[in-house]
Amino acid sequence: MSKKTLMTGNEAIAEAAVQAGCRYFFGYPITPQSEIPEYLSKRFPEVGGCFLQAESEIASIYMVFGAAGAGARVMTSSSSPGISLMQEGISYIAAAELPCVIVNMMRGGPGLGGIQPSQSDYFQATKGGGHGDYHVLVLAPSTVQEAADLMMEAFDLADKYRNPVMILGDGLLGQMIEPVEFRRRPSAARPAREWTITGAKGRSQNVVKSLYLKPDVLEQHNLDLNRKYQKMIKNERRVEAHLTEDAQIVIVAFGMAARIAKTAIKILREKGIKVGLVRPITLFPFPYQTLEKVAEKVDKLLVVEMNLGQMIEDVKLGVCGKAEVHFYGRVGGIVPSYDEIVAEVEKIVRKRR
Amino acid sequence: MKKIFERPKSMYAVSTHYCPGCGHGIVHRLIAETIDELGILEKTVGVAPVGCSVLLYNYINCDMYEAAHGRAPAIATGCKRVHPELVVFTYQGDGDLASIGTAEIIHTAARGENITTVFINNAIYGMTGGQMAPTTLIGQKTTTSPFGRSSKEAGYPLKMSEILATLNGAAYITRVAVNNPKNVIQAKKAIKKAFETQIKGLGFSLVEVLSQCPTAWRMSPREAVKWVDEEMIPYYPLGEFKSPKEEG
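Read top to bottom, the protein sequences are chains A and B.
Sequential numbering from 2 applies to the first sequence in my numbering.
Sequential numbering from 20 applies to the second sequence in my numbering.
One or more of the hints may lead you astray.
Said to hold, decoys possible - Reference listing, derived: stretches of chain A covered by chain B, where coverage requires no fewer than 3 residues with Cβ under 8 angstroms from a Cβ of chain B:
| # | stretch |
| --- | --- |
| 1 | 41 to 47 |
| 2 | 85 to 96 |
| 3 | 170 to 182 |
| 4 | 282 to 288 |
| 5 | 327 to 334 |
Said to hold, decoys possible - Simulated pairs of lysine-lysine, DSBU-like, Cα-Cα distance not exceeding 30 angstroms:
| # | chain 1 | residue 1 | chain 2 | residue 2 |
| --- | --- | --- | --- | --- |
| 6 | B | K28 | A | K202 |
| 7 | B | K62 | A | K202 |
| 8 | B | K28 | A | K161 |
| 9 | A | K210 | B | K28 |
| 10 | A | K352 | A | K275 |
| 11 | A | K202 | B | K171 |
| 12 | B | K22 | A | K210 |
| 13 | A | K202 | B | K211 |
| 14 | B | K219 | A | K202 |
| 15 | B | K245 | A | K202 |
As the list claims (entries may be wrong) - Which chain B residues stay away from chain A? Per the calculated CB distances, all over 12 angstroms, these:
| # | residue |
| --- | --- |
| 16 | Y37 |
| 17 | K62 |
| 18 | V69 |
| 19 | L74 |
| 20 | D82 |
| 21 | L105 |
| 22 | A122 |
| 23 | A129 |
| 24 | S169 |
| 25 | V203 |
| 26 | E259 |
Simulated from the structure, these hints should not be mistaken for laboratory data.
Glycine included, each C-beta is placed from N, C-alpha and C at the ideal position.
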């Protein structure tokens, strides 16, 4: 499949997983991402993959634990309430250093919330989510094409760091249809996995575990994990800077919100207001340095999120008081329109005059 | 001199951390003997639970996972789906299997997942200091049922073997005890049959082992083995609840 086809974000993510060599999926249905398990339940039999609908998100994530420990390329997908249920298992997977990919097509919360798109799981995704000191690598696509590209790469990153990688999308990305091309990548060999559970044949026992009862040993385990997170921070920060060179004000947004912001920026520039965009693609690691540099050139930033202000905390850490940081957000499954963003920018710019 | 009794090859030459009179060490040994006799050490995978036996991998030397509380059957499922050729077993206590992990064990059995579960029922939470378990008997005193378990407040103890035997996916379900030599011999036969059920690909197998926990029961080991006979077995009868058809 090298030519462009029309697909929903959910279908594209599922197909990208297949093309990246993922052959195991364990999950539980939840709106607005059920098209991912539906697609894979049809597609996996064609390629010899294993699709299993688990009894819960809790069981799903531990099936992922089992399969990842056994050396497989494995994934699960869910949406906000289901991802909350998986947090215990994600903590165990991070602690045991198992590679896997978790897709969260966010919907509005808290609680059962709603089924419309949202970005309100930013804190949960980027700050750990479960118990203990750990991080998952978080990738935030803003188009169906980017979702497919990042999904393919997510499996390599998971292997590279022996760590869970989360694709953080939302219901809008999952449901919308766009042209997508599955770009054939050089088939990178997976790194050696001598630690996996395969039966102790010709070698001593392998154990996949997370219990370290001695405090000094557990401290060392935490320090080792942290060294890995520092490596991610050094090597994996990704960000799109769009029209920031001549900007007088810069919008910071990720995923769908960034995409809407681009339309707003076009309109604002036609009106003579020079607006730029910083779009973090990796949410962990967060591109603090880019924000720091931007804050040296502009004195006002507007953070736009589909939540009540989560990523803004990281933006402020990056900006470090060097510029004003404004916020505009919609919640409950309401997607901000470009008109609202245009009006918000105009309000901020007017205030300056 | 001819050796007539030795440590199974599948066990490390170490002492266990278990209390005097505890049943875990016996059951570990029965599993290790089974692995040795079937010659499957190189293809056996264990899943250790949360509880006193979390360190199972320090005693049995096959490849092993350490599960979160209750989730061993899901982990075993993930492993077995990737490596159907391996022999995968979970080792779970009553809090693990009959309380926090009830959904996982029921659905793993319902799917007929071709794995084996060794279920240690000692009617108490041993590791955390003797709290009430889902299998604690009516009237039994624990640190969280200090006046004895009352059915009015805490309901009734779960008979997991009887429940699981109703499921089509379950191939072999049996309950044994390890409180005297006769029962230990019977338990060994059951564990071996459960592993063989898996090797033949017949579906889910589970051996429930009534096991003594003298420390948390606040008894001497001698009183504890007697308590299994007098209190546990009358409520949890021993025997096969389901057996593979081809075995008759």
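Query - Straight-line alpha-carbon gap B:K219 to A:K202, limit 30 angstroms - result: 21 angstroms, holds
Query - 30 angstroms Cα cutoff - pair A:K202, B:K171 - result: 53 angstroms, violated
Query - Agreement of B:K245 and A:K202 with the hint, judged by alpha carbon distance not exceeding 30 angstroms - result: 42 angstroms, violated
Requested in this report: Grab the minimum beta-carbon distance between B:Y37 and chain A and tell me whether it stays above 12 angstroms.
Outcome: 16 angstroms, holds
Query - Check of the stretch 170 to 182 of chain A against chain B for coverage (Cβ-Cβ below 8 angstroms, three residues minimum) - result: Answer violated; 0 residues pass the 8 angstroms Cβ test.
Report task. Check the non-interface label on B:L74: least C-beta distance to chain A beyond 12 angstroms or not. Result -> 8 angstroms, violated
Query raised in the report: Is it true that the CA of B:K28 sits at most 30 angstroms from the CA of A:K161?
Result: Between B:K28 and A:K161 the Cα gap is close to 36 angstroms, so the pair fails against 30 angstroms, i.e. violated.
Query raised in the report: So is B:A122 really clear of chain A, every C-beta pair being over 12 angstroms apart?
Result: It is violated; B:A122 is separated from chain A by about 5 angstroms at its closest Cβ, not greater than 12 angstroms.
Query raised in the report: Can the restraint linking A:K210 and B:K28 be considered satisfied, given a maximum Cα separation of 30 angstroms?
Result: Given that 30 angstroms is the threshold and the Cα spacing comes to 23 angstroms, the pair holds.
Requested in this report: Take a quick look at B:L105 and tell me if its Cβ sits farther than 12 angstroms from every Cβ on chain A, holds or violated.
Outcome: Violated, since 5 angstroms does not exceed 12 angstroms.
Query raised in the report: Is it true that the CA of A:K202 sits at most 30 angstroms from the CA of B:K211?
Result: Measuring from Cα to Cα gives roughly 21 angstroms; hence the hint holds.
Query raised in the report: Taking C-beta pairs only, is B:V203 more than 12 angstroms away from all of chain A?
Result: 26 angstroms, holds
Hint compliance for this structure: hints 1, 3, 4, 5, 8, 11, 12, 15, 17, 18, 19, 20, 21, 22 and 23 are broken, all remaining hints hold.
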